[in-house]
Structures are given as C-alpha cells and as structure tokens.
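Numbered according to numbering that gives the first Met the number 0, the sequence shown spans residues 0 to 369.
Keep in mind that the hints were calculated from the coordinates and are not lab data.
Don't take every hint at face value.
As the list claims (entries may be wrong) - Pair by pair, the computed Cβ-Cβ distance ranges are:
id, residue 1, residue 2, range
1, Arg118, Thr31, 36 to 42 Å
2, Gly226, Arg365, 42 to 48 Å
3, Ala279, Cys356, 34 to 40 Å
4, Ser113, Val60, 16 to 22 Å
5, Arg365, Leu341, 42 to 48 Å
6, Ala158, Arg367, 48 to 54 Å
7, Glu306, Ala276, 31 to 37 Å
8, Ala75, Gly187, 42 to 48 Å
9, Pro151, Thr31, 36 to 42 Å
10, Leu271, Arg64, 22 to 28 Å
11, Leu341, Gly88, 24 to 30 Å
12, Pro194, Met90, 17 to 23 Å
13, Met83, Leu361, 39 to 45 Å
Unchecked claim - Keeping only pairs whose Cα atoms sit at most 20 Å apart, straight-line, the calculated SDA-like set for lysine to any residue is:
id, residue 1, residue 2
14, Lys366, Val260
15, Lys366, Gln252
16, Lys366, Arg227
17, Lys366, Ser265
18, Lys366, Gly187
19, Lys366, Pro194
20, Lys366, Leu195
21, Lys366, Met249
22, Lys366, Leu192
23, Lys366, Thr256
24, Lys366, Leu264
25, Lys366, Asn278
26, Lys366, Thr115
27, Lys366, Leu221
28, Lys366, Cys356
29, Lys366, Gly222
30, Lys366, Trp280
31, Lys366, Ile282
32, Lys366, Glu251
Cβ coordinates follow ideal geometry from the N, Cα and C atoms, glycine included.
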Amino acid sequence: MTGIMATVSVFALAQGLTYPLLSFILERQGTTSSLIGLSAAMTPLGFIVSAPLIPALALRVGAARLAMLCSTLAAATLVTIALMQDAWGWMPLRFLLGFFANPLYVISETWLISITPARRRGRIMGLYSSVVSGGFAIGPLSLGLFGAQGWPPFMIGIAAFLLCGLVVLAVASRLPDMPHEGQAISVGGFFSLAPLLLLAVFTAAAFEQTLLSLFAVYGAALGSVEGRIAALITCFVAGNATLQIVLGRMAEQFGSTQAMVFCVLSSLAGCLLLPLAFNAWLIWPLVFVWGGVSFGIYTISLIQLGERFGGQALIAGNAAFALAWGIGGIVGSPATGLAMQLIGHHGLPLSLGLLCCVLAVLLMARKRRG
Numbered sequence: 000m001t002g003i004m005a006t007v008s009v010f011a012l013a014q015g016l017t018y019p020l021l022s023f024i025l026e027r028q029g030t031t032s033s034l035i036g037l038s039a040a041m042t043p044l045g046f047i048v049s050a051p052l053i054p055a056l057a058l059r060v061g062a063a064r065l066a067m068l069c070s071t072l073a074a075a076t077l078v079t080i081a082l083m084q085d086a087w088g089w090m091p092l093r094f095l096l097g098f099f100a101n102p103l104y105v106i107s108e109t110w111l112i113s114i115t116p117a118r119r120r121g122r123i124m125g126l127y128s129s130v131v132s133g134g135f136a137i138g139p140l141s142l143g144l145f146g147a148q149g150w151p152p153f154m155i156g157i158a159a160f161l162l163c164g165l166v167v168l169a170v171a172s173r174l175p176d177m178p179h180e181g182q183a184i185s186v187g188g189f190f191s192l193a194p195l196l197l198l199a200v201f202t203a204a205a206f207e208q209t210l211l212s213l214f215a216v217y218g219a220a221l222g223s224v225e226g227r228i229a230a231l232i233t234c235f236v237a238g239n240a241t242l243q244i245v246l247g248r249m250a251e252q253f254g255s256t257q258a259m260v261f262c263v264l265s266s267l268a269g270c271l272l273l274p275l276a277f278n279a280w281l282i283w284p285l286v287f288v289w290g291g292v293s294f295g296i297y298t299i300s301l302i303q304l305g306e307r308f309g310g311q312a313l314i315a316g317n318a319a320f321a322l323a324w325g326i327g328g329i330v331g332s333p334a335t336g337l338a339m340q341l342i343g344h345h346g347l348p349l350s351l352g353l354l355c356c357v358l359a360v361l362l363m364a365r366k367r368r369g
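Could you build the full structure based on these sequences and the hints that come with them?
Below you can see the structure in the form of structure tokens.
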C-alpha cells in the first residue's frame with residue numbers, strides 16, 4: 000500500500016506542476032483565455048482516449064509494466080514540451096501527457112480498492128486522495144519557489160515522472176494482480192450502471208482542471224501577481240490534501256451519500272463567495288476549504304465505487320472514472336475559458352457554480368426516491 004501511495008504521489012506532483020506552468024507561459028505570450036483552456040483540455044482528452052484501453056492492456060501487459068512504461072513516456076513527452084514553446088505545438092503533446100498519465104491512476108486506484116477492507120475504505124481512500132492532492136500541491140508550490148521560466152520547473156516534472164517508474168519497479172513484486180473474477184464489463188457499459196456517480200466524477204474534474212488551468216487568468220484579471228496566484232493554487236490543492244481523510248471518516252460515520260451532498264453544497268458556496276473574498280484575507284481559508292470539498296466529491300465517489308462494485312466491474316469502473324474525469328476536464332476548461340472571454344473573469348465561479356447546482360439537484364432527487 001505504501002508503494003502504491005508513493006508512486007501516485009510523485010506522478011501527481013509532476014502533473015500538478017504542468018498545468019499552471021504551461022498556463023503561466025501562455026499567459027505571458029498573450030494567449031487568449033479560451034485558447035489557454037483549449038490547450039489545457041488536451042490532457043483530459045488523452046484521459047478519454049486511453050480509458051477504454053486500460054483494462055485490457057493491464058491484464059495483457061501487466062499492471063506494473065504498464066505503469067513503468069507510461070511513466071517513462073510521460074517524462075519524454077514533457078521534455079519535448081519544454082523544447083517546443085508554441086501553443087499549437089503543445090496541443091498533441093499535452094494530449095500524449097494525459098494518455099500516458101491515465102493508466103497509472105486507474106491501476107493504482109484498482110489496486111487500493113481491491114486490498115482495502117470495507118470497514119476502513121473511507122479512511123484509506125481519503126488517505127489516497129490526500130496523498131495525490133499533496134503531490135499536486137507541491138507542483139504549484141515549486142513554481143513559487145523556482146519560478147515559471149526556463150528549464151528548472153520542467154526538470155522537476157521530468158525527474159518526478161522518472162522517479163515514479165523507479166518506485167513501481169522497486170515494489171512490483173509485492174503489488175496485487177488486477178481482478179479477474181465476475182462478468183467482464185466495458186467502460187461504456189459502466190455508464191449505464193452508475194450515471195450519477197460518473198457525473199460526480201465529471202464535476203470534480205471540471206473543478207480541478209479549470210482551477211489549475213484558468214485561475215492564473217482569473218487572478219491576473221483582478222490584479223494579482225504570479226507569485227500570489229501560484230500560492231493560492233497551492234492553498235487550494237493543500238485543502239485537497241488535508242481534508243480528504245476527514246471527509247473519508249465522515250463517509251464512514253454518516254454514510255457516503257450524506258458526505259457527497261455536503262461536498263457538493265460546500266463547493267457551491269465556495270463559488271458564490273470567491274468574488275467577494277478574493278482581495279481579502281478570507282480568500283486563504285476559503286480557497287483551502289473549497290479545494291478540500293471540491294476534490295472530496297471524487298474521494299466519496301471512489302468510496303461508493305468500492306461499496307457497489309468488485310471484480311472486473313471494479314477495473315471497468317475505475318477506467319470509466321478516468322473517462323468521466325477526462326470529459327470533465329476537456330469540457331470544463333474550454334467552456335469556462337469561453338465564458339470568461341464573453342462575460343469577464345466572473346465566468347469562472349459562475350460556470351463551476353452552475354455545475355454544482357445541477358449535481359446537487361440530482362443528488363437530492365435520488366435521495367428522496369431513496
């Protein structure tokens with residue numbers, strides 16, 4: 000379990016650095032917010048395309064071998080991105096980055112859910128989400144420490160990708176096999192089994208991808224410097240990392256449905272309060288809690304996945320989660336970027352708030368039918 004946590008945390012560090020780093024570079028080049036959002040959407044597009052392939056590849060190639068291969072290819076892709084300072088040239092490269100990153104998340108989550116006892120699932124999945132979020136938090140923080148120009152930030156990401164493969168190699172002999180029992184279910188078929196669960200994943204993805212890719216544009220419109228924006232992004236992701244275990248315990252104590260409703264309504268409140276608090280000291284605790292509850296939607300979704308599915312349905316579900324995450328990212332970032340271009344910087348909290356409203360209404364309706 001420790002090896003799985005270490006592997007995905009290092010990989011998350013590299014990804015957490017990449018989103019704001021490339022957004023800062025594009026912003027300095029005078030790129031429009033809609034094009035920055037479109038560029039950021041290429042990574043989740045890679046998630047979407049790779050997701051249906053992962054269950055078969057993991058069973059055929061071996062999960063550990065696939066994770067090591069993807070780590071190496073992701074590092075090579077980031078090297079190419081660093082060498083090519085061009086917005087349109089980055090499009091296919093960011094797609095490949097998502098394509099190679101996705102299998103690691105699907106595999107690691109399947110490993111963890113398979114070996115976690117039901118009575119401890121909330122805490123373990125909360126810890127997993129905290130570890131992933133901690134890796135994401137260190138990524139933007141490194142930009143505040145080393146800057147967003149030149150090779151240094153790229154070298155941090157490249158080294159993290161390579162280290163991920165080395166960690167998998169070190170613990171490969173102790174990792175569990177992918178589940179084989181039960182009827183095989185396609186990734187597409189899983190959508191009919193748990194549509195609301197996948198909508199929750201979509202929402203969590205839209206939050207994270209949009210904030211990481213467009214918060215720099217939002218902050219710049221309000222007069223913030225790059226260092227403060229990077230620190231706020233780090234605070235947002237630090238909330239992810241700190242609060243997931245608490246939310247996991249909440250799911251164990253009050254039930255995963257109650258915990259999900261709490262996270263969605265709290266995320267909506269954050270959207271409403273963001274414009275009011277941005278230039279006040281309250282922005283720091285607000286962004287911290289907002290980050291925790293918005294990513295908590297994904298944590299609770301993982302808990303519900305483990306409660307409801309097992310065997311081959313579990314790996315299909317994890318791959319479907321990756322697909323829904325990719326769709327959330329590819330729709331969320333460009334749609335929010337377009338909204339910001341049409342109505343100004345307030346398009347960011349308004350877009351995310353509308354998404355939260357839709358999910359909250361559907362959750363309440365299901366709860367009443369209960």
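Status of the hints after comparison with the structure:
1. Arg118 <-> Thr31: 36 to 42 Å: violated (51 Å)
2. Gly226 <-> Arg365: 42 to 48 Å: holds (43 Å)
3. Ala279 <-> Cys356: 34 to 40 Å: violated (25 Å)
4. Ser113 <-> Val60: 16 to 22 Å: holds (18 Å)
5. Arg365 <-> Leu341: 42 to 48 Å: violated (33 Å)
6. Ala158 <-> Arg367: 48 to 54 Å: About 51 Å separates the Cβ atoms of alanine 158 and arginine 367, which means 48 to 54 Å holds.
7. Glu306 <-> Ala276: 31 to 37 Å: Given a distance of about 36 Å, which is inside 31 to 37 Å, the answer is holds.
8. Ala75 <-> Gly187: 42 to 48 Å: Since the Cβ atoms of alanine 75 and glycine 187 sit about 30 Å apart, the hinted range of 42 to 48 Å is violated.
9. Pro151 <-> Thr31: 36 to 42 Å: Between proline 151 and threonine 31, where Cβ atoms are some 27 Å apart, the hint is violated.
10. Leu271 <-> Arg64: 22 to 28 Å: Since the Cβ atoms of leucine 271 and arginine 64 sit about 47 Å apart, the hinted range of 22 to 28 Å is violated.
11. Leu341 <-> Gly88: 24 to 30 Å: holds (27 Å)
12. Pro194 <-> Met90: 17 to 23 Å: Roughly 30 Å apart at Cβ, these two residues miss the hinted range, so it is violated.
13. Met83 <-> Leu361: 39 to 45 Å: holds (42 Å)
14. Lys366 <-> Val260: holds (10 Å)
15. Lys366 <-> Gln252: Holds, because 18 Å separates the two Cα atoms, which is no more than 20 Å.
16. Lys366 <-> Arg227: Violated: lysine 366 and arginine 227 sit about 41 Å apart, past 20 Å.
17. Lys366 <-> Ser265: holds (18 Å)
18. Lys366 <-> Gly187: Not OK: lysine 366 and glycine 187 at ~25 Å, beyond 20 Å, violated.
19. Lys366 <-> Pro194: The given pair, whose Cα atoms are some 15 Å apart, holds under the 20 Å limit.
20. Lys366 <-> Leu195: holds (12 Å)
21. Lys366 <-> Met249: Answer holds: lysine 366 to methionine 249 is near 18 Å, not above 20 Å.
22. Lys366 <-> Leu192: Status holds; Cα separation ~17 Å.
23. Lys366 <-> Thr256: Distance of about 8 Å is within 20 Å: holds.
24. Lys366 <-> Leu264: holds (14 Å)
25. Lys366 <-> Asn278: Roughly 38 Å between the alpha carbons, so the hint for lysine 366 and asparagine 278 is violated.
26. Lys366 <-> Thr115: Outside the cut-off at roughly 27 Å; violated.
27. Lys366 <-> Leu221: violated (40 Å)
28. Lys366 <-> Cys356: Distance of about 15 Å is within 20 Å: holds.
29. Lys366 <-> Gly222: Judged against 20 Å, a Cα distance of about 43 Å means the pair is violated.
30. Lys366 <-> Trp280: Roughly 37 Å separates the two Cα atoms, so the pair is violated.
31. Lys366 <-> Ile282: violated (33 Å)
32. Lys366 <-> Glu251: Between lysine 366 and glutamate 251 the Cα gap is close to 18 Å, so the pair holds against 20 Å.
When held up to the earlier numbered hints, the structure conflicts with 1, 3, 5, 8, 9, 10, 12, 16, 18, 25, 26, 27, 29, 30, 31 and fits the remainder.
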